[in-house]
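Undergrad: The residues making up each chain are set out below.
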Amino acid sequence: MTALLEVRGLVKQFPIKTGLFGRPKSFVSAVDGLDFDLHEGETLGLVGESGCGKSTTARLLMHLVDPTAGTIRFEGRTVGSSELPLKDFRRQVQMVFQDSYASLNPRLTVAESVAFGPLVHGVSGDEATSRANSLLARVGLDPARFAGRFTHELSGGQRQRVNIARALALQPRVLILDEAVSALDKSVEAQVLNLLLDLKEEFRLTYLFISHDLEVVRFMATRVLVMYLGRVAELGLTESLYTGSRHPYTTALLGSLLSMDPDHRAESAPISGDPPNPIDPPAGCRFHTRCTYAEAVCSARIPVLTPLGEGHSVSCHMSEPGSGHARAPGRAA
Amino acid sequence: MSAILAGEPAPVPIVRSPGYWVTVLRRFSRDPFAVIAALVVLGLIAMAVFAPWLAPQDPLQGMSLRRLRPPGSEGYPLGTDELGRDMLSRLIYGARISLFMGIVPVFAALVVGATIGIVAGYVGGWTNTVLMRTMDVFFAFPSVLLAVALAGALGPGILNSMLALTLVFVPPIARVAESVTTGVRTRDYVEAAKASGAGAFIIIRKQVLGNVLGPIFVYAMSLIAVCMILASGLSFLGLGVKPPMPDWGLMLNTLRTAIYTQPLLCALPGLMIFITSISFNLMTDGLRSAMDIKA
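Quick note, the sequences are listed as chains A and B, same order. So the number in the working numbering is just where the residue sits in the first sequence, counting from 1, plus 10. So the number in the working numbering is just where the residue sits in the second sequence, counting from 1, plus 184.
No wet-lab data here; the hints were simulated from the structure. Only a predicted model underlies this, so the values are computations on that prediction, with no experimental measurement involved. Treat the hints loosely; a few may be bogus.
Stated by the list, open to error - Cβ-to-Cβ under 7 Å is the rule here; a few derived chain B residues that face chain A:
| no. | residue |
| --- | --- |
| 1 | ARG200 |
| 2 | SER201 |
| 3 | VAL368 |
| 4 | ARG371 |
| 5 | ASP372 |
| 6 | TYR373 |
| 7 | GLU375 |
| 8 | ALA376 |
| 9 | SER380 |
| 10 | GLY381 |
| 11 | ALA382 |
| 12 | GLN391 |
| 13 | GLY394 |
Positions of the beta carbon are idealized from the N, C-alpha and C atoms, including for glycine.
My request is simple: use the sequences and hints to build the entire structure.
TA: Following this line, the structure appears as C-alpha cells:
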C-alpha cells in the first residue's frame, strides 16, 4: 500500500491573547506534531476526546486553516506548492462537515449546492446540473423530488446525503468525514454509514473517518489513529488495536465502551478527569497526569512513536525500549 | 464515477420549492399595516411620476392678489402659499424632489457602503480594521451635523446636498454589512465552498451575497425616511433645493413666516414628510419581520 497522503510534523497553534499591537502572547496548541500516512483505499479512523485536535486536523488537511509548521504531501507532491496547487489538491480531497445544516447554504437549492464545486472548476452549467442530479440519485435522494428543495425542508439524514453528494461532485479520491454521522439518529446513522461503505467501493475512495464514537469507528475503519492533546497516542489496524491496545489512554477509552455482555460490565470508571488545558500542556508524556502507570520518566520526556510491528505503533514509555520506565522492554530486544 | 455519470437519468420535471423571496412576499402580504404603508409609498411614487397630469395648476405660477388663502378656498382646495401659488400643485410636484432626495442618496450609499462592509467582513484582519475604523471616524459625528457641514463645505445645490447625504449614510450601511458578513463568513457552507477550491470573488457572489443583501437592503430602506427628513432639513437651511423649486422641506421653510396667520397651511408640507417617512418605516418593519424566517 502506498501513502496517498503523508502528514509530517503537523503543528497548529491558535493565538489566544494578543498584545497591544496584535502580537500574540500565548497559544493553544490544537495539533502538536502529528505524523501519519493515509493509504490508498483504506479507511483511517481518527478518534479522541473532544478538544484533542481531530477537527483541526481535518481543517488543516483541507487547508481551511494554515498550519504553523509541518508538511502535507499528496502522492509525494507538497500541497500548496508549485508541485500541487491548492485548487488541484481540493479536487482530489473533499470533506463532509459535522453540522449538516450549517454546511449547506440556506439560499441555494440542493442541486445548486451540489453543482457549485463543478462550476468553480470550469464544468458547464448543464453538465454540472446533470452531475448533481445523478449524484443525488446515487445518495438516495430522488432528484425530481429533492433537487429544487432548500436545506430547511430536509431532514438531518437527507441533508447529510446532500453534503456527501456535494463532496463527491468534484470526483475526489479522498473524503474527510469530520463527525459526519455524529449528529444523526442511530437508525439514520446506520443507513448513512452503509451508503458511505457502498460509495467507497463504487468510486474507489479513501476515507479519513473522524469520530468520537468508538463503535462506529470499529465498524468503518481499517486502521485507527488515537489522538490525545494534538499528538498520536496509538496507531494500528482496527482489530489489533481494539483487542490489544498498548497505550493506557486507548485502553481507558475502550474501557469506556458499554459492554454488550452484562457479565462483563465496567467495574470502575476507566478514566477520570478532563484532559489538561492545551494552552499549558503537561511536560513529557501528555497523558501522564491521568495515567495509572505514570513514573518519573513520563513527566520528564515526550515518548517517541515506537513501531511494534504489523503497522501498530504507540507513543508510550512502557513500550519504548530503554525508556527508563519500569515496565519498558529491555534495550537489547 | 464516469460509469454512473454516463447513464444519465431521463430528464424529469423537478419540483422546485418556492424561493426565499416568494415566501417573504407571502408573509409580507399578511401584515395589514405593512401592506397599507407599501400602497401609500407606491401612491406617493405614482404621484411624483404623474405630477404634470395630476396637478391642477402650475406650481411655479403665483399671484400676489391671492396670497395665503386658507385650505378649502374656491379653486384652491389646499389654499395658496406666501406667493399665491397653488398648494396642492406644489405638494404634488414637491413629491418629485423630496422622494428623489430621499431615495437616490440611500441607494448610492447602499452600493458604496455594502461593498466596503462586505469586503471588510469577508477579508477580515487588517483590511477590516482599516476600513471600519475609517468608517467610525465619520460615524462619530451626529448625522445632521455631518450632513450640514458637508453640504455647507460643498456649497448649496441639489447635487451637492445629495453627495453630502450619500456620505452620511455610507458608514452606517457599511457597519451593518460588515457585521452580517462577518457572521456568514465563518459558516460551514462558506468553508465548504473554500474547500471546493472557489476563489473569494465567486464565494462572495454565489454564497455570501444571497445571505447578506436582504438584511442590508432592509436597513437601507429604513434610512430612506431619515434621508428625506435630512434632505428637507438641508433645504430648510437653504443648503439643498433652491427656490422656487417645490420641495417639502423648502416649503416648510418659506411658509414658516405665515405660521401665525395660516397655521394649517404651514403644517401641510410637514404632514407630507410625516406620511412619507412613517409609510417607509412601517413598510420596512413589515419587510424585516417577513424576512425573519426561522427554518
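Undergrad: State for each hint whether it applies.
TA: So, going through the hints one by one against the coordinates:
1. ARG200: holds (3 Å)
2. SER201: holds (5 Å)
3. VAL368: violated (9 Å)
4. ARG371: holds (6 Å)
5. ASP372: At 4 Å from the nearest chain A Cβ, ASP372 of chain B passes the 7 Å test, so the hint holds.
6. TYR373: For TYR373 of chain B, the interface hint holds, since the closest Cβ of chain A sits about 4 Å away, which is under 7 Å.
7. GLU375: holds (5 Å)
8. ALA376: At about 5 Å, which falls below the 7 Å cut-off, the nearest Cβ of chain A leaves the hint on ALA376 of chain B intact, so it holds.
9. SER380: holds (4 Å)
10. GLY381: holds (4 Å)
11. ALA382: holds (4 Å)
12. GLN391: Holds, about 5 Å.
13. GLY394: With a minimum Cβ separation of about 4 Å from chain A (threshold 7 Å), the hint on GLY394 of chain B holds.
Of the numbered hints listed earlier, the single one contradicted by the structure is hint 3.
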